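Colleague: Sequence:
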Amino acid sequence: MKKYLLLLLICWSGTAMAQMGAAQKVVPEYLHETRIKNDPPKIWQTIRDLPKVKDYSNGMITEVNIRTEGGTQFRDLVFADGRKRTDEIEQIHDIYKFFVFHISAPQTPGVSKAIVTALVESLPDSQDTSVVRWSIIMEGNKAAKKALTDSLIAEIGQYEAGLKKLLE
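In the working numbering, the protein residues as written are 7 to 174.
No wet-lab data here; the hints were simulated from the structure. All of these numbers come straight from a predicted model, not from anything done at the bench. Any given hint could turn out to be false.
Said to hold, decoys possible - BS3-like, lysine-lysine: derived pairs with alpha carbons at most 30 Å apart:
no., residue 1, residue 2
1, Lys119, Lys58
2, Lys58, Lys152
3, Lys152, Lys60
4, Lys171, Lys58
5, Lys58, Lys170
6, Lys119, Lys31
Could you put the whole structure together from the sequences, leaning on the hints where they help?
Modeller: Structure representation (C-alpha cells):
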C-alpha cells in the first residue's frame, strides 16, 4: 500500500510541476538608494506610519486619509498642486522593513500597473547611516511608463529630502 501511495504522490507532483510556467524576470523601471543618518528601526517606524507620509513628503502632500475596505488598506493623497491619488497598500512587512503600494486611481492611460517599493536596511560599513532602497515596477506601453516613472521619481526625491529633514 505504501508503494502505491508513493507512486501516486510522485505522479501527482510531476503533473503539478509540468503545469507550472517558468518564472518571469521583473526589471524595475527605477532603482534608487537614499542614505539617511539614522538607524533602520527609526526610519522604518516613520515610513510604516502611513499618515506620516505627509510629514516626510517635503510639503508635496497636503492631505492623507488611510482607509480599509474589505480587509485592504488604501491611502488617499492630496498633493500640493491639487492632484489626488489613491494607493492600495499591498504589503507592510515589519520584520524585513518592506513597504509596497500600487497606484489604484487615477489610472494612467497606457499603464496597467504601477508599483512602488521601499526597503529600509542597515549598511554593513556604517554604524550611523541606513539606506532606503526604492524601486518602481510598471506594466504598460513605453511612453506612458516613462511619463509616470518621471513623476514618481520626482515624488521619491521629495520623500528622500523630507526623510532627511525629519530624521537626520
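Colleague: Verify the proposed pairing of Lys171 with Lys58, using a straight-line Cα cut of 30 Å.
Modeller: holds, 13 Å
Colleague: Please verify whether Lys58 and Lys170 have alpha carbons no more than 30 Å apart.
Modeller: holds, 14 Å
Colleague: Sort out whether Lys58 lies within 30 Å of Lys119, counting only the CA atoms.
Modeller: holds, 25 Å
Colleague: Are Lys152 and Lys60 close enough, with their CA atoms no more than 30 Å apart?
Modeller: Holds, because 25 Å separates the two Cα atoms, which is no more than 30 Å.
Colleague: Does Lys31 lie within 30 Å of Lys119 when you go C-alpha to C-alpha?
Modeller: Given pair Lys119, Lys31 holds - Cα atoms ~16 Å apart, limit 30 Å.
Colleague: For Lys58 and Lys152, compute the direct alpha-carbon distance and say whether it is at most 30 Å.
Modeller: holds, 28 Å
In summary, the structure agrees with every hint in the numbered list given earlier.
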